[in-house]
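Asks: The listed protein sequences correspond, in order, to chains A and B. Once you know that position 30 of the first sequence is 30 in the numbering used here, the rest is easy, because the numbers rise by one and skip nothing. Once you know that position 73 of the second sequence is 73 in the numbering used here, the rest is easy, because the numbers rise by one and skip nothing.
Because the hints were derived from the structure by calculation, they are not lab data. Certain hints may be false.
[Stated by the list, open to error] Covered by chain A, per the in silico footprint, the following chain B stretches (three or more residues, Cβ under 8 Å):
hint, region
1, 8-20
2, 45-55
3, 252-258
4, 666-680
[Unchecked claim] Footprint (simulated), chain B over chain A, 3 or more residues, beta carbon under 8 Å:
hint, region
5, 53-67
6, 110-118
Each residue gets a CB set at the ideal place from its N, CA and C atoms; glycine is no exception.
Here's the letter readout for the chains.
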Amino acid sequence: MSVTVSTTVNGDSVDFVCAPDETLLDALRGRLGLTGAKEGCGTGDCGACSVTLNGRLVCSCLVLAVEAEGQEIATVEGMAAGETLHPLQRAFIDHAALQCGICTPGILVAAKALLEKTPDPSDEEVRYWLAGNLCRCTGYDKIVRAVQAAAAEMRRA
Amino acid sequence: MAFDAYVKREFKQVGTRVARPDGVDKVTGRALYGADMVAPGMLVGRVLRSPHAHARIVSIDTSEAAAMPGVKGIVTGRDFSVPKDEFLADVAVNCLAQDKALYDGHAIAAVAAINATVARDALKKIKVEYEVLPHVTDIDVAAKPDAPVVLEGRALETVPAGMGANVTHRCEFGHGDLEAGFAKADKIVERSFRTAATHQGYIEPHACLASFTTDGRADLWVCTQGHFYFRTLCSEMLGMEASQLKVTASEIGGGFGGKTTVYLEPVALMLSKKTGRPVKMVMTRDEVFRATGPTVSTSIDVKIGMTKDGRITAGWADMRYSGGAFQCLTCEMGAQAAFAAYDLEAVQTVGWNVMTNRPKEAAYRAPGAPQAIYAVESVVDELCQGLGLDPLEVRIKNAAKKGTKASYGPTFDDIGLLATLEAAKKHPHYTAPLAEGQARGLSCGFWFNFGGNTCVTMNVNTDGTVGIAEGNPDIGGSRASISLMAAEELGIPYEKVRTIIADTASLGYADTTDGSRVTFAVGIATINAARDAIRKMCKRAAMLWGIDEDAVEWKDGAAHPAGPNAGKFPPMSLADIAAKSFQTGGPIAGHYEVNADGAGVSFGVHLCDVEVDKETGATKVVRYTVFQDAGKAVHPDYVEGQMQGGAAQGIGWALNEEYIYGADGRLQNPGFLDYRIPVASDLPPIEAVILEIPNPGHPYGVRGVGETSIVPPLAAISNAISRSIGTRLQELPMSPPRVLKAIKGAA
Ligand code: FES
Ligand code: FES
Numbered sequence: 001m002s003v004t005v006s007t008t009v010n011g012d013s014v015d016f017v018c019a020p021d022e023t024l025l026d027a028l029r030g031r032l033g034l035t036g037a038k039e040g041c042g043t044g045d046c047g048a049c050s051v052t053l054n055g056r057l058v059c060s061c062l063v064l065a066v067e068a069e070g071q072e073i074a075t076v077e078g079m080a081a082g083e084t085l086h087p088l089q090r091a092f093i094d095h096a097a098l099q100c101g102i103c104t105p106g107i108l109v110a111a112k113a114l115l116e117k118t119p120d121p122s123d124e125e126v127r128y129w130l131a132g133n134l135c136r137c138t139g140y141d142k143i144v145r146a147v148q149a150a151a152a153e154m155r156r157a
Numbered sequence: 001m002a003f004d005a006y007v008k009r010e011f012k013q014v015g016t017r018v019a020r021p022d023g024v025d026k027v028t029g030r031a032l033y034g035a036d037m038v039a040p041g042m043l044v045g046r047v048l049r050s051p052h053a054h055a056r057i058v059s060i061d062t063s064e065a066a067a068m069p070g071v072k073g074i075v076t077g078r079d080f081s082v083p084k085d086e087f088l089a090d091v092a093v094n095c096l097a098q099d100k101a102l103y104d105g106h107a108i109a110a111v112a113a114i115n116a117t118v119a120r121d122a123l124k125k126i127k128v129e130y131e132v133l134p135h136v137t138d139i140d141v142a143a144k145p146d147a148p149v150v151l152e153g154r155a156l157e158t159v160p161a162g163m164g165a166n167v168t169h170r171c172e173f174g175h176g177d178l179e180a181g182f183a184k185a186d187k188i189v190e191r192s193f194r195t196a197a198t199h200q201g202y203i204e205p206h207a208c209l210a211s212f213t214t215d216g217r218a219d220l221w222v223c224t225q226g227h228f229y230f231r232t233l234c235s236e237m238l239g240m241e242a243s244q245l246k247v248t249a250s251e252i253g254g255g256f257g258g259k260t261t262v263y264l265e266p267v268a269l270m271l272s273k274k275t276g277r278p279v280k281m282v283m284t285r286d287e288v289f290r291a292t293g294p295t296v297s298t299s300i301d302v303k304i305g306m307t308k309d310g311r312i313t314a315g316w317a318d319m320r321y322s323g324g325a326f327q328c329l330t331c332e333m334g335a336q337a338a339f340a341a342y343d344l345e346a347v348q349t350v351g352w353n354v355m356t357n358r359p360k361e362a363a364y365r366a367p368g369a370p371q372a373i374y375a376v377e378s379v380v381d382e383l384c385q386g387l388g389l390d391p392l393e394v395r396i397k398n399a400a401k402k403g404t405k406a407s408y409g410p411t412f413d414d415i416g417l418l419a420t421l422e423a424a425k426k427h428p429h430y431t432a433p434l435a436e437g438q439a440r441g442l443s444c445g446f447w448f449n450f451g452g453n454t455c456v457t458m459n460v461n462t463d464g465t466v467g468i469a470e471g472n473p474d475i476g477g478s479r480a481s482i483s484l485m486a487a488e489e490l491g492i493p494y495e496k497v498r499t500i501i502a503d504t505a506s507l508g509y510a511d512t513t514d515g516s517r518v519t520f521a522v523g524i525a526t527i528n529a530a531r532d533a534i535r536k537m538c539k540r541a542a543m544l545w546g547i548d549e550d551a552v553e554w555k556d557g558a559a560h561p562a563g564p565n566a567g568k569f570p571p572m573s574l575a576d577i578a579a580k581s582f583q584t585g586g587p588i589a590g591h592y593e594v595n596a597d598g599a600g601v602s603f604g605v606h607l608c609d610v611e612v613d614k615e616t617g618a619t620k621v622v623r624y625t626v627f628q629d630a631g632k633a634v635h636p637d638y639v640e641g642q643m644q645g646g647a648a649q650g651i652g653w654a655l656n657e658e659y660i661y662g663a664d665g666r667l668q669n670p671g672f673l674d675y676r677i678p679v680a681s682d683l684p685p686i687e688a689v690i691l692e693i694p695n696p697g698h699p700y701g702v703r704g705v706g707e708t709s710i711v712p713p714l715a716a717i718s719n720a721i722s723r724s725i726g727t728r729l730q731e732l733p734m735s736p737p738r739v740l741k742a743i744k745g746a747a
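The following block holds chain A by itself, in its conformation from the complex (with noise of 0.2 Å):
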């Protein structure tokens, strides 16, 4: 049996036949060709696959396919203007805070989703947000000042 979903993703509006267990995450990637985000566990423990759903921050492997029916849904490729990246993207590449790069589309997702709520966080709060993001690279050092970085240009603007 399949679903016919119709959604939105980064502002379009897209269709697309699936099995009614297919997670969201293998929807976009698999479906879509939205490969930015990335499957790391699969079970809701490390954030790479992070997208919003109406806004709100969610695992997509944890959601069905079927649940972003009617749905507004937004993923790292949907960050940037055309040519002029988010400043959290700008930012991560001034302040290296990636390395391998895996867990950043995740990671963006996520801090974009914090500043929209909470535009001058302290670095803890920072810190406890991004909680459900593994990145094994870097330590997070890096990660939090990009994200206070670029929290600290959108504030500007």
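Dock chain B with the ligands against the given chain A, drawing on the hints supplied.
Replies: Just chain B with the ligands now, kept in the frame of chain A:
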């Protein structure tokens, strides 16, 4: 030694914090990792794994699975001929079991099907008859003569008679008269330690896409630390010629040593060969934990003697390492590294390998060293405590330096240990007051570093830009470092250089991205490829000027007449020469091939402050500073990144991470929920202090920096905890229950 000597110079670009070339792709989601590639007509491959720790495979019946609609092919160990070479045979048997399943998670068979669901269902229809055998997962039990035997007949001649069959290797290092050394000591401490196996924990699971064509050629896309080595392994296992297998390295989502060997790749190639279609295979996290990585688990005895004023008189260690169900020589690294930080008159280390029913060990950042140095640094700290000495002063007093005969044989050249210790002593962290309930610990760390085989091609484009092809997957920003070194040597802006990682058909062999070798060895090759290109460009300029080529020199990105006798010509830039290259003899490219020597060892010192919750036994690291000698930090951001990342992994190892096996021999925590790596809120800011003591063996003084940083945290944290709770733990990880038990035991 034929190495490329260091020459002091002023750098214009090396040492700056430029934007990495792969940055935009990685922040926009465009970068393609192992699991991100697709091919038309692609099948999905899945692996059936042993639920038993140790079992004879009596039979495998794949008929029902093969008959399922959508199933296109099945392979088992029988599809591969086991290579004669023992090392290769172990790799092959680890990819697919032959007659025995050797650990929980060992691959037994694999299926290729039209999609993941069909493939998963098909695995359930494969009937494997097992004869379950007694198993052993604990190293000390496995070493006993009456332990269940993992594999018969694997002991090397190094093993003395009368040892259990699982003991497969013995090695010994050291010098001097131990007995006399211990006789001179005012205090001798002897302790036993155990460390749990840990996993590299890269966030990207292993993934590949294999495509075999009917004329015997194949392409492999894979996340790997070494695509050339993967080509060697896969072509040998599939009986192919190397030229017929093209391996392309994807972007890699972390490796730390764990992606230096094959698991899925030969299986995917065989499935593709059998089905005639591309086959993609991606591991689940459960598979990553059960069947790849981990480190050795260890059991180590250390004995050290010290005088009242803090001079170490003798050091001895006996270290048992288990590399899982196969032969493993990591114990050699541990036995060599254990006392490397000390200038000792009498030292002896003995290493052993013991087989257990656990996955085959894979390298993890400074493989073998963290465990050994944890044990040694713990005993040194206990001696300092017992004699009332400052632990940093004692390390300074005993530090290895230029001219020291290292405990593992060689005599050190210029090394940065003393400078690193002095930097730690001067740093405000060392004397900062501790809050109530906090304690401070420190440890030295060491890694050998490696050079190895490397090829670089440098193409000078007609528009004045430069393209570099090198062969080492970039895990932590090495493309930026290589571009920086090329820009420096050529005298052109960094932005004009683009470095790519070439596939195995496009470039000569490159050793794997391991041993902290890339910035060092690829750096040497890049600098020399630039010098080769410069020679060629000078020749072209000489031709255009009509002067002798020896009368041309290269400065600031341009050819200049060398001295007044050469004639008066305005400088001719790289872009000018490149633009005219078609008229002066054709395209210009520099090349260099090397088996690089002179990697230069690296030392680090870590300082940490911890707070132990006496009610729960939980440890919080509240301040952490890393001091490390980088030789020359080509891109300081990514050097700091290596120092911080290694420290974070070491903190996880010290406090939480461990492979937990049940009495049934099954891994009990194969997921990130139960195998807990540090998250952002677990860690303090990690300050990185880079020291630059030039490596005499690199033209810019570069040393590898990737591995040393994981070595000191184990003992640094243990030393801090023991000072906090007044008793010393001798087992890792120092998880809350263990710390609590130690507190209760001491009370
Ligand atoms: S893949 Fe979804 S949380 Fe890890
Ligand atoms: S940069 Fe590699 S996991 Fe975060």
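Asks: Decide, hint by hint, whether the structure agrees.
Replies: How the hints compare with the structure:
1. For the region 8-20 of chain B, the proposed coverage by chain A is satisfied: 3 residues have a C-beta within less than 8 Å of a C-beta in that chain, meeting the threshold of three.
2. With 0 residues having a beta carbon nearer than 8 Å to a beta carbon of chain A, the region 45-55 of chain B misses the requirement of three or more and the stated coverage is violated.
3. Using a Cβ-Cβ cut-off of 8 Å, 5 residues of the region 252-258 of chain B lie near chain A, which meets the minimum of three, so the contact claim holds.
4. Counting residues of the region 666-680 of chain B whose CB falls under 8 Å from any CB of chain A gives 7; the rule of at least 3 is met.
5. Remark: the region 53-67 of chain A is not confirmed as covered by chain B, as 0 of its residues place a Cβ nearer than 8 Å to a Cβ of that chain, below the required three.
6. Remark: the region 110-118 of chain A is not confirmed as covered by chain B, as 0 of its residues place a Cβ nearer than 8 Å to a Cβ of that chain, below the required three.
Hint violations for this structure: numbers 2, 5, 6, all remaining hints satisfied.
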